[in-house]
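Here full-length UniProt numbering is used: the sequence shown runs in plain steps of one and ends on residue 179.
Rather than coming from a laboratory, the hints here were simulated on the basis of the structure.
All residues carry an ideal CB built from backbone N, CA and C; glycine is no exception.
Treat the hints with care, as some may be off.
What the hints assert, rightly or not - Ranges between beta-carbon positions, derived for each pair:
(1) 83 <-> 25: 36 to 42 Å
(2) 49 <-> 15: 16 to 22 Å
(3) 119 <-> 1: 38 to 44 Å
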Amino acid sequence: MPNESWDTAIDPKVVGTWNLHKAIKGRDSELDFFLTTSSISGSVGTATESNYCSVNYFLDVFARYRRSRGLPATSIGLGMISEVGYLHENPEIEALLLRKGIQAINEDELIQIIDIALTNTSTIPHAYDKLAGAHLLTGLEPFGLKEFRKKGFEGTNPTLDDPRAAVLAAALGGQADIA
Numbered sequence: 001m002p003n004e005s006w007d008t009a010i011d012p013k014v015v016g017t018w019n020l021h022k023a024i025k026g027r028d029s030e031l032d033f034f035l036t037t038s039s040i041s042g043s044v045g046t047a048t049e050s051n052y053c054s055v056n057y058f059l060d061v062f063a064r065y066r067r068s069r070g071l072p073a074t075s076i077g078l079g080m081i082s083e084v085g086y087l088h089e090n091p092e093i094e095a096l097l098l099r100k101g102i103q104a105i106n107e108d109e110l111i112q113i114i115d116i117a118l119t120n121t122s123t124i125p126h127a128y129d130k131l132a133g134a135h136l137l138t139g140l141e142p143f144g145l146k147e148f149r150k151k152g153f154e155g156t157n158p159t160l161d162d163p164r165a166a167v168l169a170a171a172l173g174g175q176a177d178i179a
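Start from the sequences and build out the full structure, keeping to the hints where you can.
See below:
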């Protein structure tokens, strides 16, 4: 991929986020929140989309950067969203993903996730990562994972050891061995 194509893909998110951060410098105490929406691809990767994965990872890390300086920030790594946006406009792609067993959230669920992100005042410390609350992940559904476990698939999955996956780990009964 030529540098120009790379920059065209990532600059709006990187430059836009940095400019917003600079524009509110000194007034951060007046903010109730600083929210970015990224993609789960920034955490788990997607073949052939390195620029997309990288720029979404940047948003996740940028939220940690702000939090490390005592500033408000949360990044929500979104999985598949149905009924609106790109997938709604491309139903053949949505159907393909659903056939592969990928679970989507709808617009109402997205609003609920944003509400949780904006109102989360938890002070529960994470054993090894005090900035874990800066990044929330969606798109990892526990039900299919439970079914694999019932069929005898086992293995260590470091994703469940990550504090960002605490809700998923709890849904699986606190067990971190899955296929």
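Which numbered hints fail: No numbers; nothing is violated.
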